[in-house]
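Visitor: Sequences listed follow chains A and B, in order. If you number the first sequence the way the numbering used here does, the last residue is 246 and the count never jumps. If you number the second sequence the way the numbering used here does, the last residue is 851 and the count never jumps.
Treat the hints as calculated values from the structure; they're not laboratory data. Ideal placement from N, C-alpha and C gives every residue a C-beta, glycine not left out. Any given hint could be a false lead.
Said to hold, decoys possible - Computed footprint of chain A on chain B; a stretch qualifies when at least three of its residues, placed anywhere within it, have a C-beta under 8 Å from a C-beta of chain A:
(1) 253–265
(2) 282–289
(3) 342–352
(4) 389–398
(5) 453–460
(6) 603–615
Chain by chain, the residues:
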Amino acid sequence: MAQATFRIWRTQPGGGGAFQDYQTEVSEGMVVLDAVHRVQAEQAPDLACRWNCKAGKCGSCSAEINGRPRLMCMTRLNSLNLNEPVTVEPMRTFPPIKDLVTDVSWNFRVKKTIRKITPRPPDAPDGTYRFAQRDADRVQEFRKCIECFLCQDVCHVLRDHREFNEFIGPRFLIYNAQLEMNPIDTADRLQDLKDKHGIGYCNITKCCTKVCPEHIHITDNGIIPLKERVVSRFYDPVTRLLHMLK
Amino acid sequence: MADATTYTYDVLVIGAGGAGLRAAIEAANAGASVGLICKSLLGKAHTVMAEGGMAAAMANNDDRDSWKVHFADTMRGGQYVNNWRMAEIHAKEAPDRVRELEAWGAVFDRTPDGRINQRNFGGHRYPRLAHVGDRTGLELIRTLQDHAIYLGIAVHMEHTVIELLLDGGGAAGAVAYDRDRGTFHVFAAKATVLATGGAGRAYKVTSNSWEGTADGHALAYRAGAELQDMEFIQFHPTGMVWPPSVKGILVTEGVRGEGGILKNSEGRRFMFDDIPDNYKPQTASDPEEGWRYVMNDKNARRPPELLTRDHVARCINREVKAGRGSPHGGVFLDIAWIKEKLPNSEEHIKRKLPSMYHQFKELADLDITKEPMEIGPTMHYIMGGISVDADSQETRIPGLFAAGECASGINGANRLGGNSLSDLIVFGKRAGEYAAKFAQQNGQPRIDTARVDKAIKDSLAPFDRGSKGENPYKVQQDLQDTMHNLVGIVRTEAEMREALTKIRALKERTSRVGVEGHREYHSGWHTAIDIRNLLDVSEAIAVSALERKESRGGHFREDYPDKVAEFGTFNIVTKRGADGSVQVSRLPIPPIPQELQQVIEEQKS
Ligand SMILES: Cc1cc2nc3c(=O)[nH]c(=O)nc-3n(C[C@H](O)[C@H](O)[C@H](O)COP(=O)(O)OP(=O)(O)OC[C@H]3O[C@@H](n4cnc5c(N)ncnc54)[C@H](O)[C@@H]3O)c2cc1C
Ligand code: SF4
Ligand code: SF4
Ligand code: FES
Numbered sequence: 001m002a003q004a005t006f007r008i009w010r011t012q013p014g015g016g017g018a019f020q021d022y023q024t025e026v027s028e029g030m031v032v033l034d035a036v037h038r039v040q041a042e043q044a045p046d047l048a049c050r051w052n053c054k055a056g057k058c059g060s061c062s063a064e065i066n067g068r069p070r071l072m073c074m075t076r077l078n079s080l081n082l083n084e085p086v087t088v089e090p091m092r093t094f095p096p097i098k099d100l101v102t103d104v105s106w107n108f109r110v111k112k113t114i115r116k117i118t119p120r121p122p123d124a125p126d127g128t129y130r131f132a133q134r135d136a137d138r139v140q141e142f143r144k145c146i147e148c149f150l151c152q153d154v155c156h157v158l159r160d161h162r163e164f165n166e167f168i169g170p171r172f173l174i175y176n177a178q179l180e181m182n183p184i185d186t187a188d189r190l191q192d193l194k195d196k197h198g199i200g201y202c203n204i205t206k207c208c209t210k211v212c213p214e215h216i217h218i219t220d221n222g223i224i225p226l227k228e229r230v231v232s233r234f235y236d237p238v239t240r241l242l243h244m245l246k
Numbered sequence: 247m248a249d250a251t252t253y254t255y256d257v258l259v260i261g262a263g264g265a266g267l268r269a270a271i272e273a274a275n276a277g278a279s280v281g282l283i284c285k286s287l288l289g290k291a292h293t294v295m296a297e298g299g300m301a302a303a304m305a306n307n308d309d310r311d312s313w314k315v316h317f318a319d320t321m322r323g324g325q326y327v328n329n330w331r332m333a334e335i336h337a338k339e340a341p342d343r344v345r346e347l348e349a350w351g352a353v354f355d356r357t358p359d360g361r362i363n364q365r366n367f368g369g370h371r372y373p374r375l376a377h378v379g380d381r382t383g384l385e386l387i388r389t390l391q392d393h394a395i396y397l398g399i400a401v402h403m404e405h406t407v408i409e410l411l412l413d414g415g416g417a418a419g420a421v422a423y424d425r426d427r428g429t430f431h432v433f434a435a436k437a438t439v440l441a442t443g444g445a446g447r448a449y450k451v452t453s454n455s456w457e458g459t460a461d462g463h464a465l466a467y468r469a470g471a472e473l474q475d476m477e478f479i480q481f482h483p484t485g486m487v488w489p490p491s492v493k494g495i496l497v498t499e500g501v502r503g504e505g506g507i508l509k510n511s512e513g514r515r516f517m518f519d520d521i522p523d524n525y526k527p528q529t530a531s532d533p534e535e536g537w538r539y540v541m542n543d544k545n546a547r548r549p550p551e552l553l554t555r556d557h558v559a560r561c562i563n564r565e566v567k568a569g570r571g572s573p574h575g576g577v578f579l580d581i582a583w584i585k586e587k588l589p590n591s592e593e594h595i596k597r598k599l600p601s602m603y604h605q606f607k608e609l610a611d612l613d614i615t616k617e618p619m620e621i622g623p624t625m626h627y628i629m630g631g632i633s634v635d636a637d638s639q640e641t642r643i644p645g646l647f648a649a650g651e652c653a654s655g656i657n658g659a660n661r662l663g664g665n666s667l668s669d670l671i672v673f674g675k676r677a678g679e680y681a682a683k684f685a686q687q688n689g690q691p692r693i694d695t696a697r698v699d700k701a702i703k704d705s706l707a708p709f710d711r712g713s714k715g716e717n718p719y720k721v722q723q724d725l726q727d728t729m730h731n732l733v734g735i736v737r738t739e740a741e742m743r744e745a746l747t748k749i750r751a752l753k754e755r756t757s758r759v760g761v762e763g764h765r766e767y768h769s770g771w772h773t774a775i776d777i778r779n780l781l782d783v784s785e786a787i788a789v790s791a792l793e794r795k796e797s798r799g800g801h802f803r804e805d806y807p808d809k810v811a812e813f814g815t816f817n818i819v820t821k822r823g824a825d826g827s828v829q830v831s832r833l834p835i836p837p838i839p840q841e842l843q844q845v846i847e848e849q850k851s
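If we strip away everything but chain B, and leave its shape as in the complex, we get (with noise of 0.2 Å):
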């Protein structure tokens, strides 16, 4: 490690996302010395892309919500296999993590009394994201950046960690290399809090930037942390699927909360052949009533495009595996039609919708005012992620803590659309709060200079194989082609493990990719370190998904198409053998207590 640069902080954070910044931000302010690690600028994060709002029961809309009722949508959204008490922590603590954002700058759209507005989501009760028009997540990343930029937080930004340190077997810090110049720096920290968001680059078609290589996910999971959840993945229904270009990036479910519908090629609304039985009474019983719906009407039940995005997903699948589809392998979704209902169509679709119009407009060369959308499913975020503590987010390895997309346990077996904006600032405080309190109880751990001689050696090796070794652009398409094929929307046991046989291949691959050139902003090399990490996680997804013999959630067998009761009651695990290998076990979910359960039962009716 001779021409590494070391950092020394209390707390380390990676990840300058939602969920990171909120760490940083509450680590800070209990007098610890932070430094921030991320791959782009900061500002940038994932995060920036949240589009339809964050999930708090405010009541400011409608009185008779409360935590009860948003804790309960979010198990029943989860179908029970949530962490129920990390649903009931951030139902109780949304509403204050959410108002605190405006003393720190943010400026949310306002209802006629003056307070925030919140609207209907699917899966919601009633009205409960607080938004700023479509685009949300800007708000919530800027204010956070803002507020952070004046608390003396060291911020990396362009570095990308490549390993986490161990002392002991707690938390040491990390090893990272800077894009502008790879070179390597140690962080040497008491407590480190991973918060680094999703992994849909694991698949071909998804939502994702392309930082979403889960490596938290893979770094914590080498260092010896458990997995949880991995097989449940959500597709949401509406992605764009042309120009090529584009395919994958979201259309927001507000589209069709404004009354978009769905429609195969035969011009049929397909979402009306296909209501699940349990939500067949909140579901409208033909296009007139969900019309009412979108209006307002209190007593009008909703309209079928609106069913859970897993639900959705399937149909469109399956309208498409049909010979139903559209001319570029989607379906329409429909929001010009309105225009029968509403003299001034136009006017409202762009006011309601601005980024949406933007963005087929200005990408797609397409009116929405006018003609339908092209949609398809898109791989857009991942319930299963690290275990972790519900109260304190430490992770099985002391002094590991991890928050936001790359933790586990809110969501179960699906996540509700907002709930993942509330996540961040609740868990993300609550990560930074505890990791700061773990730093102020531990010294300064010792740094394996062993380990972070590997991590640099083990990185560089493709530059020594140079143009001769595998492309690892190719590798890494390979990789989604097989995730998106094999452990896509639809499962089964034979696909999974020709998965996992290709997995294994590729990994193989993986040992020998090459590249040329010098190190400076070399996507290329930085291809090849992430593909370490992808091959890790999406082993683990394969194994968790052969391992759940059901179907619930954002995990569906062909082989398997109904919910097991049995399946409710544990969650799947992943960890690495000694041997290097994945080890799966079932673990199973702590009673819930006396009072949830009936929390639950009481909003059942």
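One chain only, chain A, in its complex shape (with noise of 0.2 Å):
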């Protein structure tokens, strides 16, 4: 069987952390998280990770693997130069804990700032709604979204910018696109997206978007749309004077 290398980010107890390498045996149809769990069980039982589902279902064991944030459980060995080291480290965007686990509950308080759904009344008595699939169709590309939180990692406002008080990043860009595109959804995060949720911020440099592993077109079917929904509330003369009105 083969070896290879995996360079892995180690914290250290008083804060700060540094690579290390280790050596293991690798076989055929394994990713990352397999040679991570390897290195675990044989030489570094404290080695700290996330991982929940193996399937790329849930979105737990988001890291940077050769510098690209992607989820450990999804990528391949074979997918990767093995003659070299395979460095594998924390999103750095977000702050430590332990070696590949990272403090996301930033991401969770977040959520709570952006307003829920609320549902015009139900079609039928017995709560039953009717829309159409196509309607359906937009909604549920967002919805498909596991929260790793990857599209948080790389995007260089909260990354290299920091605004974490300004901006709430791509991924809860989404999750405002889709309550407003949401068939029954009856509130209106305009003025929320534009004062608390900086989505000027945004300049659509798509880097979010290129490493969803749910290939969720983040900024095309939902940045976009929603930057020229408030664009034309607040900055379209015609608009904002009926908006006034009403």
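Please dock the two separately framed chains into a single complex, following the hints provided.
Guide: Encoded structure:
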């Protein structure tokens, strides 16, 4: 069986950390998460990482592999160059907890600041709503999100500019988008998007879309349409006037 | 308990899958202060992995459906040892529970007239599963999560409960540690709801995540509650078998629903060779009729690949044992063959089974539109669980409630696909409602500090033994091998006796496991704690399976291959005796009311 080297980030108890190399056996069909588990079982029982489903469904095992934000359970070793060490490090945008585990609690707090769904009355007394599949389609694309936060990790507004108080990040822009496009919702989130959630900070670099493991068109189908709605509400003179009269 | 923080709530919910979230929501809505504990981050529980859908007789796709048909299907699937009252409540309340999810933001697939679309599934007479493609569990958990976060529920993520607390025989809360730092916390509560999910990790090959270590089953058992129906375990016929790292991961029944067929190494469609007599009238007589069924011909009968899960799993097991398996020890599941029938089969498969297409493409490097998959049985679901009252979900311990996969009753000997997700919301709601009511009527219990101290001391013991102790991963693996080989799909008296001897030896080894290092995020230590739970529950499974000297649903004995009427009159219950040993008994099933019996008879025709 072949050997490969995994250069894994280990935090140190007092703070800080360093890469450490682990050689381990690799076999056909393995993914990065398997290699990390093998290192854990054989060489470093206290190596910390998150995972649940091993099938790309829960969004727990996010990390940066050879510098790219990815799910460890969906990154096959045969897609990487094993002649060189494979680097595995935590998402750098979030505060470290231990080794590959980061503190993503900010994301959970941000979600609470977004106005929840406010449904119109149902179409029948038993609670049935009626709407067409094509109206469901665009919302369902965003609801595929597994909350891996890889898009948050890669977005420069958060990663480099640290605008955690001003900007909610791509994950929560599409969270807004699915609510705004939900056929039964009646709430209005545009003011918040502009003032509280910092949609203006996004300059459509599309890095978020590139890393999304669910292949959600975060920018084209989510952020851009939201930006257009914000612009036409607040910056287009005619709609602004109409809105003021309402 | 000097260094343990204490939190105080009216209602403590342990587990944040579908059942726990739904319970927390209901309790919070009733005005209770609610604490919610889960081992992973919020939204990552096992429920997120469910694919096919949730069963509810809304009759959107076929107006012949009703609660009565759903009830009768559930009882037939469970081979009539279900708690009939739970099956009744479930069938009656599931439609409302599903519809309310839409008002909370869920967006299900639609029928042409704009209502929630429902799909066919094994054992359900009419199309009944509300779904979102093949990611229904994600929709359910996200909807509940996003509803719950606005209700003032205190969520303690990445905390693991290690023991329940009691006060005068009633529930008083729990002790937990957090993964981050490995420190201990006491949760005092007037009422406690267990919603901890399944036990898959007792077996070598499973579709369950690391969380499925039967904690709730074991916590309740150690606190003196009863476990019921533990011999009934669902092996899903189609789990991945290759590559090794994904062995056990589920391949949805939907593949067979869309026309996928099972073949052995000789290319034979072996499911046609063994169709049980009582299913013959409903099963296709040849491949042609089976295909017409897939194409929604209402006059065609279903292909034999869609027989009940236990039967299909045993047939696969037999082919493999007879040396007619695939290269990696499974059989072939072929959906690519439909290209003979459909010109655009590739697109069709990708549209109908998007996440299966991706799963095989990305994890096995295999294109399911072109090649057959290799699959084999995987431990998927445990029908057995904590005994509860049907209406309130209260256990035998006052103030302790249980809901979801860790509770028992609704499924009897075998669960129908889709009945779990609906079970979570129907009985999660009831557990939350009755727990809040209980909290209103009772005061804050006393905390038994001696029990807290003991729980903490016991769980830290592996550190005292350090690396010289037994390796916890090794003990867990040995247990998984034991259960897989000796209490698996096909069981015998001799093998199960051997399993019990091994389990008892493993218990002894567990008292010697050791770990080294710091307590922060230490998965070796966590495993050392989990094993205790897995061992208690494995023992209950083996003991119950020995007691049931017949074959029924998810329990098949080679030495007693037939169903025996007498065994249909009771459930098997295990309980911890005063000396710590497991006690087994037979609990008669109360007579079913005339009206319900009549519903069953009507649906038999
Ligand atoms: C791959 C797959 C597909 C499935 N598809 C379907 C389907 O299509 N339809 C269907 O009806 N069913 C399906 N099932 C079954 C169904 O998903 C499960 O039975 C159901 O989700 C269990 O939900 P639950 O709320 O009981 O527990 P879970 O979702 O398992 O949640 C358990 C919770 O308890 C917590 N917990 C456990 N132990 C502790 C502890 N000691 N301390 C603190 N917290 C703890 C966990 O962290 C977690 O939050 C599927 C199962 C699998 C594996
Ligand atoms: S497109 Fe916008 S949200 Fe996405 S990464 Fe770029 S700046 Fe961030
Ligand atoms: S949008 Fe995509 S990348 Fe972002 S959290 Fe969701 S699944 Fe992950
Ligand atoms: S473990 Fe669930 S996404 Fe990787």
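Visitor: Quick check: which numbered hints come out false for this structure?
Guide: 1
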